[in-house]
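Asker: Once you have looked at the hints, place chain B with the ligand on chain A.
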Amino acid sequence: MALCFMEGNEAIAWGAFEAGCRFFAGYPITPATTIYNTMLRLLPPAGGICLQAEDEIASIGFCLGASMAGMKVLTATSGPGISLYSEQISFAVGSEIPLVIVDVQRLGPSTGSATRGADGDVQFLRWGNSGGLPVIVLAPVDVGDCFSLTMEAFNLAETYRCPVFVATNKEIAMTRESVDWDKLRRAEPVGRRLCPQGADFLPFGVEKGRQVPDFLPIGNRRLVRQTSSTHGPDGYITTDPVQIGANQKRLLEKIESRAERFTFYEEMAVKDARTLVVCYGVTARAARLAVAQLQRKGQAVSLLILKTLWPVPARLIAEKAAGCRRVVVVEMNMGQYVREIERVVAPLPVGFYGQMNGELIGPEKIMEVIAHG
Amino acid sequence: MASFLNSERPPVFCPGCTHKNVTEALDKALQQLGLAAQEVVIVSDIGCSGLFDTFFNTHALHGLHGRALTYATGIKMARPELKVIVTMGDGGLGIGGAHLLSTCRRNPDLTLLVLNNFNYGMTGGQCSPTTPPDAVVGSGFLNRLEIPLDVVKVTRAAGAGFVSRLAAHRPELADEIAKGIEFEGFSVIDIWGICPGRYSRRNKLTPKSLEARIEALEKASGPVAENVREEYGAHYRRLAAGQEPARPPRPVKAVFEPPQKRPWRVLVLGRAGQRVVTAGELLCLAAMTAGMHATQKNDYPITVLRGHSVCELVLSPEPVDYTGIDVPDVVIALAPEGVARRKAVFQRLKPDCLVLRDAEVSIASTPAEVLAVDFRKARIKAADHALAALAALAFRNLVLSPAMLKAAVEHRFQGAVRAAALAVVEAMSGGG
Ligand code: SF4
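The listed protein sequences derive, respectively, from chains A and B.
Under the numbering used here, the first residue of the first sequence is numbered 21, with each subsequent residue one higher.
Under the numbering used here, the first residue of the second sequence is numbered 4, with each subsequent residue one higher.
Hint data in this document are derived by calculation from the structure and do not stem from the laboratory.
Model, not experiment: these values are computed from the prediction.
Wrong hints could be hidden among the right ones.
Stated by the list, open to error - No farther apart than 27 Å at their CA atoms in a straight line, the calculated lysine-lysine pairs in the DSS-like style are these:
no., chain 1, residue 1, chain 2, residue 2
1, B, Lys346, A, Lys385
2, A, Lys317, B, Lys264
3, A, Lys385, B, Lys353
4, B, Lys211, B, Lys23
5, A, Lys203, B, Lys264
6, B, Lys353, A, Lys317
7, B, Lys256, A, Lys203
Excised from the complex, chain B in its bound form:
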């Protein structure tokens, strides 16, 4: 099998750099597996390991520091048949830490070669996440303040399916890489190397001492029994295939005449739990059953289970331009939380405005007509107050008619929910 190495662009590493061993081992592994160049993508990170893509005649993507796994994941999801190999230094591992952990958790079929040489070679030998505290590096005393990250421990704990650690000069490196590529899941190969350009000038490091240090650590070679599971992409496709196709947007049939052919600005002031947003939607749908246009702007706190819930609804025979409401035509006051949110509005109301308020909710004085509705007498639960308020309007043939409201409920709900909502509407037929 022919070499994948790009004869026009031979490796340009410093003499004695073990990145060269990794380059050769990767080439050998690809040959061993009998892969075609078209089937292989090398995604390289930044730093000396970021040169890898240029040495090989394969597909290649070289991107930003620490982000190589993100591009690789996108490629693999789009083209599952490709063998995607990522080369990254110990620096990329740190800056892309969140991506490393998440990729372990996902277990996509990617092979990550960590070219771990305990420092940032390209920028002048500063400390990296794997620098021992006793090393002399280009970061002054700062590496003494941090402990090195154990790639094997971390990636195993995070869920990588295949984790190996070995020194770059080991003869079995090519086999280990080939096994990693063959493994269906995320393979992390932590390859310890020597950076004569920066690191081993100031720190005594030989192939022997490197191996001794690896020996002293937890052994790692191959699949991690407790992490072996379905590959991410295959799993995604299996679950995705079982999803219901999305239904296209459903138009509302315009079959009624609105009781008044004019624009309405309706403000609903409630609180969480009163289904204010749903009622707002129902009012808009009801308007649409009479050929009106509608907009709905909601205001509620990020914590949705408590606090105010306010809806601004604009209904109009013409398409709606401005969706804000400075002076409403109708205010539905259902809860003190909502009323407090729009305190100032009540004074601004015109005399021909209507305020429909829950009999138990007090409001500021207003020039508008005020109508109190007793939901308790009609035996309406709090969750249905907003809908019941719409029904109260409908039975006065104001803004909407009972037929419009019922049609909106039927458009929006099915089955038991629909029946329950229609019952709430009916319960208000006496006027509340």
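Next up, chain A with everything else stripped away, as it sits in the complex:
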């Protein structure tokens, strides 16, 4: 065992670096700034690019440009910055630009509290783009996850040509912890699929049987077009409803139909559980203690920790809830992801506890919710 001591934000930066990310642009914002600080140490000496933009809109804009030029790109912010990213996120979704976005969630609404944690953006991340097409959101539980899931996020962004969020929380991002560095899970980095030489290239052309267009970078020998406007496979504006409809459906399905390939989760299951506790993010850590204690007392309680929030791993959740009498959801907001759980496990009753006061939800509280909530 070789323990290193670091915070979640540093681990994210290292995860990005090991995934092959060589372009970062950001704007300082607590509690995400230390990702930028770490990228500033990592990238320039490695021949990479780390920029500080005039605002969040520009920082994600730099990333979109660099991604279209073929680089693996990262940006990081918190609630107020994610709000400013919104129109550019829509661009990345609709025009299939690979990009990893870290949202270090802090207590909102609005500027809220810079140094207090929350998980208040989890629906915003899913729905905060115009057009409402799906995105991928991963949620780390600890520093190790910050590293490993960031590597996964890059692979997903490259594979599916879409923005991928790492939805973390001040409480993981700025809490330092010991982590067995060499033993962290490291996904083999993959790049986007390039259009083979000799094959016809259309910027949004999709081969039969595939759902993701092959990529060529701006600057390639073959000319590349990118546009935020409604486009056909050639990257020019189209008004053909059939073509438009088919493209929207593809954008939806390329993410949602493959959800099971990137459903990350952890569980503490007991046989014949009557209650299933569902948690994510930092709250899952307290839930582990609560459920372990109840299980030691012989109670039939299982815990499911979701690390992929979007697309909702519906089948997994339904499977784990099967046979239970009820489900309990605890999250650091006033009730966001619980809506998805209710939808998926209906008609099972769902108990809920949400807290958004800047404090961690402790194991005692979770035990109480499991018992009475």
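Answerer: Chain B with the ligand only, in chain A's frame:
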């Protein structure tokens, strides 16, 4: 040299629109420079100028309103060998104002063609940042309340390396664009044009009157002497090459046995200037030298030079799940600011908890054992109180041992800082 114009998608501007002149001039400029289509990227903004990318057979990116310079900067940084040309209207200039100013300040090798026709053509001729107050536009009387932005003055003042202003129908436009593309730095070409579709229907504007208005303003054609400097990307790469490579995370060697093999929840209550966060880190590192796991959660105000500084540290033989501390096992009370922050904790403490307090800091009554340490007697400076408190624990073999603490100091510091920290630890060997 062949034209870059896309014969399948000819310009679709309103008859008489000077955007057509700019399209042709850009094509001519690219030909003059002998560029290959693969070397050129056209990044277009929103509005009628946002159609430009479709008329050319080059690389192209069309994005959101006002953000064209942001994408262009990303592309240029990623692929410095490309010629990146941005087309933007006077509307994009306004909504993307922060990007315009910042790009001037950076001076990347981009060429910005401002297709300045004093109104928002595409949406119905509303006033833009360059509309004169006496114009009749689609915004009622509102343009009378604002003065127009002088693109030349603003971009010069903000640091653009190359600034030109001319009318779209001028024969030298192609040459001016070619010079802008060749210039190594940010080139802004403010191209005044006529929008017959919206603007000149209600405002008398002829090529002649346009030129007369340009004549009346500050002249601008080419490099701005006081702004000519190293190009942003080249400058970045030069400075980046001199940066020290980052060191990978350094594991802590686990070589000791902890004095007690049990979890500890330690709360440190101090204030800014006592190096509480560093001491918290040292305690975690010390625990790690004995194979323990550790977490550190800090709480301090945004203004770091004053106010409370509080650390919550969880040390455990097992990986730590919950990082919060409801009831600590040890409280180190170093300053009234920190103590005030966690007033309620003292009553909650168990009798077997320990409070180690600075002899001069008073705390609320508590069932826990309280130990006062006199840092002044040991001649410890305020900046070292937190570290000295750890040493006081270590010399009692509680939570950590002196060897663990010294190993943590040696892991964390080098040279004079290390020696000074070790001296603080030694100074507490008498118990403080
Ligand atoms: S609306 Fe104005 S700027 Fe747009 S094409 Fe017509 S004349 Fe040109």
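Asker: Would you mind confirming whether the straight-line C-alpha gap from lysine 317 of chain A to lysine 264 of chain B stays at or under 27 Å?
Answerer: holds (24 Å)
Asker: Taking only the CA atoms, is the gap from lysine 385 of chain A to lysine 353 of chain B under or equal to 27 Å?
Answerer: Distance ~20 Å between lysine 385 of chain A and lysine 353 of chain B Cα, so the pair holds.
Asker: For a C-alpha distance cap of 27 Å, please report whether lysine 211 of chain B and lysine 23 of chain B respect it.
Answerer: holds (18 Å)
Asker: So if I understand the rule, the pair passes when the alpha-carbon distance is 27 Å or less; does lysine 353 of chain B with lysine 317 of chain A pass?
Answerer: Measuring from Cα to Cα gives roughly 24 Å; hence the hint holds.
Asker: Against the 27 Å threshold, does the CA-CA distance of lysine 203 of chain A and lysine 264 of chain B hold or violate the hint?
Answerer: Within the cut-off at roughly 24 Å; holds.
Asker: Check the hint pairing lysine 256 of chain B with lysine 203 of chain A against an upper bound of 27 Å on the C-alpha distance.
Answerer: Within the cut-off at roughly 15 Å; holds.
Asker: Verify the proposed pairing of lysine 346 of chain B with lysine 385 of chain A, using a straight-line Cα cut of 27 Å.
Answerer: holds (21 Å)
In terms of the numbered hints stated before, the structure departs from none.
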